[in-house]
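Generate coordinates for the entire structure from the input sequences, incorporating the hints supplied.
Here the protein sequences come in this chain order: S and F.
Residue numbering for the first sequence is 1 to 449, as defined by my numbering.
Residue numbering for the second sequence is 1 to 449, as defined by my numbering.
Do not take every clue at face value.
When chains are identical, the list treats them as one kind, so a pair holds in a single copy or across two.
List of simulated lysine-lysine pairs, DSS-like, C-alpha gap at most 25 Å [as the list claims (entries may be wrong)]:
1. Lys37 - Lys95
2. Lys125 - Lys328
3. Lys82 - Lys270
4. Lys95 - Lys139
5. Lys278 - Lys7
6. Lys328 - Lys126
7. Lys77 - Lys139
8. Lys278 - Lys125
Hint data in this document are derived by calculation from the structure and do not stem from the laboratory.
Please read all numbers here as calculations on a predicted model, not as lab measurements.
Protein chains: 2
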Amino acid sequence: MIHKAKKWILSGATAPPSKSAAHRMLIENGFILPTGKGFYSLLPLGQRVIDKLCRILDTEFQKAGAMKIGMPIVGTKTLWDKTKRWDAMGTEMIKFEDRQKAPLCLQPTAEEMCTELIASLPPLKKSQFPVMIYQIGDKFRDEMNPRFGLMRSRQFLMKDMYTFSTDQEASRETYRKICRVYEKIFGQQLQLGGDLIKVEADSGIHGGHISHEYHLRSNLDEDFVNLCDSCGTFNKSEDLKKCPNCDSAHQKSRKLSSVEIAHTFHLGTKYSETIGAKFQGKPLDMCCFGIGVSRLLPATVDLLSSSEKAMRLPRAIAPFDAAIIVKKSLMSNVIVEMTSSSASRYLKGGILLDDRIEMSAGRRIHEANRLGIPFIIVLANVTERSLVTQKPVIEVFTTHPKSEEPCDHGPMTLDRFVSFVQSSLYGTPNGGIDGNFDHSLVLDELGSH
Amino acid sequence: MIHKAKKWILSGATAPPSKSAAHRMLIENGFILPTGKGFYSLLPLGQRVIDKLCRILDTEFQKAGAMKIGMPIVGTKTLWDKTKRWDAMGTEMIKFEDRQKAPLCLQPTAEEMCTELIASLPPLKKSQFPVMIYQIGDKFRDEMNPRFGLMRSRQFLMKDMYTFSTDQEASRETYRKICRVYEKIFGQQLQLGGDLIKVEADSGIHGGHISHEYHLRSNLDEDFVNLCDSCGTFNKSEDLKKCPNCDSAHQKSRKLSSVEIAHTFHLGTKYSETIGAKFQGKPLDMCCFGIGVSRLLPATVDLLSSSEKAMRLPRAIAPFDAAIIVKKSLMSNVIVEMTSSSASRYLKGGILLDDRIEMSAGRRIHEANRLGIPFIIVLANVTERSLVTQKPVIEVFTTHPKSEEPCDHGPMTLDRFVSFVQSSLYGTPNGGIDGNFDHSLVLDELGSH
Chain S
1 MIHKAKKWIL
11 SGATAPPSKS
21 AAHRMLIENG
31 FILPTGKGFY
41 SLLPLGQRVI
51 DKLCRILDTE
61 FQKAGAMKIG
71 MPIVGTKTLW
81 DKTKRWDAMG
91 TEMIKFEDRQ
101 KAPLCLQPTA
111 EEMCTELIAS
121 LPPLKKSQFP
131 VMIYQIGDKF
141 RDEMNPRFGL
151 MRSRQFLMKD
161 MYTFSTDQEA
171 SRETYRKICR
181 VYEKIFGQQL
191 QLGGDLIKVE
201 ADSGIHGGHI
211 SHEYHLRSNL
221 DEDFVNLCDS
231 CGTFNKSEDL
241 KKCPNCDSAH
251 QKSRKLSSVE
261 IAHTFHLGTK
271 YSETIGAKFQ
281 GKPLDMCCFG
291 IGVSRLLPAT
301 VDLLSSSEKA
311 MRLPRAIAPF
321 DAAIIVKKSL
331 MSNVIVEMTS
341 SSASRYLKGG
351 ILLDDRIEMS
361 AGRRIHEANR
371 LGIPFIIVLA
381 NVTERSLVTQ
391 KPVIEVFTTH
401 PKSEEPCDHG
411 PMTLDRFVSF
421 VQSSLYGTPN
431 GGIDGNFDHS
441 LVLDELGSH
Chain F
1 MIHKAKKWIL
11 SGATAPPSKS
21 AAHRMLIENG
31 FILPTGKGFY
41 SLLPLGQRVI
51 DKLCRILDTE
61 FQKAGAMKIG
71 MPIVGTKTLW
81 DKTKRWDAMG
91 TEMIKFEDRQ
101 KAPLCLQPTA
111 EEMCTELIAS
121 LPPLKKSQFP
131 VMIYQIGDKF
141 RDEMNPRFGL
151 MRSRQFLMKD
161 MYTFSTDQEA
171 SRETYRKICR
181 VYEKIFGQQL
191 QLGGDLIKVE
201 ADSGIHGGHI
211 SHEYHLRSNL
221 DEDFVNLCDS
231 CGTFNKSEDL
241 KKCPNCDSAH
251 QKSRKLSSVE
261 IAHTFHLGTK
271 YSETIGAKFQ
281 GKPLDMCCFG
291 IGVSRLLPAT
301 VDLLSSSEKA
311 MRLPRAIAPF
321 DAAIIVKKSL
331 MSNVIVEMTS
341 SSASRYLKGG
351 ILLDDRIEMS
361 AGRRIHEANR
371 LGIPFIIVLA
381 NVTERSLVTQ
391 KPVIEVFTTH
401 PKSEEPCDHG
411 PMTLDRFVSF
421 VQSSLYGTPN
431 GGIDGNFDHS
441 LVLDELGSH
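So, in structure tokens, the structure goes:
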């Protein structure tokens, strides 16, 4: 789908001072807008990023056999009392009474509700296990000190998945399977593989056998991981005598500032036993798997941007795949239509037609680079001069994670451009820019934006 | 995408007594599950219906130039006091205090927040108007007496759209434009045209100049429209001396039980003036447009089903486009793959592979008819016998709104089946079943499920 910049690009608000450069960029570039302490609206650009993220999650989890559901945001005290978490959750859980004075909460997570859901259904058949259900929905946490925008907001979007197996070994297998899906999402899809840190973690208030956290580096001092300089592995111990992997002494370990973007738990039967989710009389063995969807925006922007003038997101979730910048005299030329149709051939994530002809092409390239649009196509003087020949050319730039300036690929014909895009996305032999990521395949499957 | 029934079809829970047959069907068929008074989980089948509805809305509103955003569910008293609606909303608005005793609410609607959003952005340019923004999100209303499931639940999914124009005449034009989009959604997309009742309505607590409600017939006595027997038009007057259209006397009017599925308002400057959303010093002229997304499930099921054994939804939002029922001895035959690939050619809304071989084909046809799956394909004895010939055949059934029994189209070759589907969907000359609806086109564009 083609979106016109004149209509589509809303100027961002002025960001308040914040230690988080990503938060400032997301506001200044018109992705989000604060509405109250710890609450944010997603503006059209931000909503597109979130929608793309959700589609990637839907595709990958459904491919793995998971089913999408939607549970209410509001939970009852009766339910949360069953696991004694009504009190344990403390003041971060938002509680209120309805008009009939029944105590309710805005759920920060849904182990109880999901377990009760399975317990309420007619008995499942052996062949239906493992049952893997997930939702992508708003969660609430009444932070004492909400900060860094979507990084620690009071309402946030979370993907939470719950699996139910008939025994512990099957549950472990499911745990490993979904961990592989996580690695595919963060690796192949979002291309964060090199920066992704997976550490064994404490299960905390969720309880259970084993748990892993997924972190990205960050300078916000929100969280940390330890890197052992001896063996190069990461761990999460608060007070560490020696590396749990290589037994090196504590002083060989460095504490790195990071943010958690996902957390997985092998819960065991804690919830199913209490709530009564059983198969043939035996409590089901559960895992749960979270991804902080809205948090991924600031987390990846912080990681991938090396300048506030060049915001970067993983390419698969950039708000548009390409911008076509057109000079005034070419606006009604057929080359615009030809270019957008060539671009749409492999780029299914939306194309921004930059029709802001009152701005110079140079300034608009600068703006597209500021938003981190992966392909920037310019139809200006070079194209205009080429129109008299048999083979008109367009000028092509690309933007890249951790790089501030757009990369200039010079003029090329539309045919050449199509193979250039193809090789950039799929890494075919005729040379690509980073190759081998399949988000476009996913978008093909899920449809264009 | 192919989904296997063995894994995918969860048996529904037992429905409590309810006057709403749709509500009972949605529970018994495993679309929804109650979690508390007036709260429901969407099970995988129900979630698929909601996801399809959302995609139709996204496509149509974005085609019309609207931009999708996401506003927080939680609003502040400070904001709602600006329009004096904090108190006016009464006990149906869920209110609570955060840990710092700041009064907050779960928003039942978002005129205030959306107007403040526009007011907070840097000034918009003339060329950006009309600004049309919408969200699809959870809303809350603390009903004294929640009833009929998703029809009157305390949490519900709503599409709410807000438009901002520079003057009243432009705003009226936008109002008419979006009303046409509504008619396309309910007509061409959901095929409810013949049953859709649009009436002029009172603006109520939202205020403003003009307002229309969209209703469907229902036997729940939740709401009503008047039908004038003289001129055949509908109106919504509570106490009517004469028909507002033809001036006929009151006794010629019949009160029909109905449910409201959508409401549109030309609001004028009520909110923009108070909150300060202006263009060149003049308050913007606003409209707002709601669709009760989750409510559309029971509303359309009630309207389109003529038996509790044959639930019907608009074809565009049936959980699957087709079911392929396979007998045991054919499960690993290549005909299954050939059939699903033929079906996928035009049916992009998901295919259920019914691999429950322990059930007879007849019983599985019955089950597919119960769920209202539009195309039912049977690979059983007839197919098995035909496999020795050059042209294997499949047996084809279709289900239709307001009809209880599946329609038997007999055996046909795969080629014939593909043209049969094509003509059913697009009404090409070689004969269709209802023709001319374009939801498959939309799904093509948005991607397959």
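Results of checking the hints against the structure:
1. Lys37 - Lys95: both (18 Å within a copy, 17 Å between copies)
2. Lys125 - Lys328: Between copies, since 18 Å is at most 25 Å while 65 Å is not.
3. Lys82 - Lys270: within (11 Å within a copy, 47 Å between copies)
4. Lys95 - Lys139: For Lys95 and Lys139, the Cα distance is within 25 Å both inside one copy (13 Å) and across copies (17 Å).
5. Lys278 - Lys7: between (54 Å within a copy, 17 Å between copies)
6. Lys328 - Lys126: Answer is between; shortest inter-copy Cα gap is 19 Å, intra-copy 65 Å.
7. Lys77 - Lys139: both (17 Å within a copy, 21 Å between copies)
8. Lys278 - Lys125: within (11 Å within a copy, 60 Å between copies)
The structure fails none of the hints (numbered hints given earlier).
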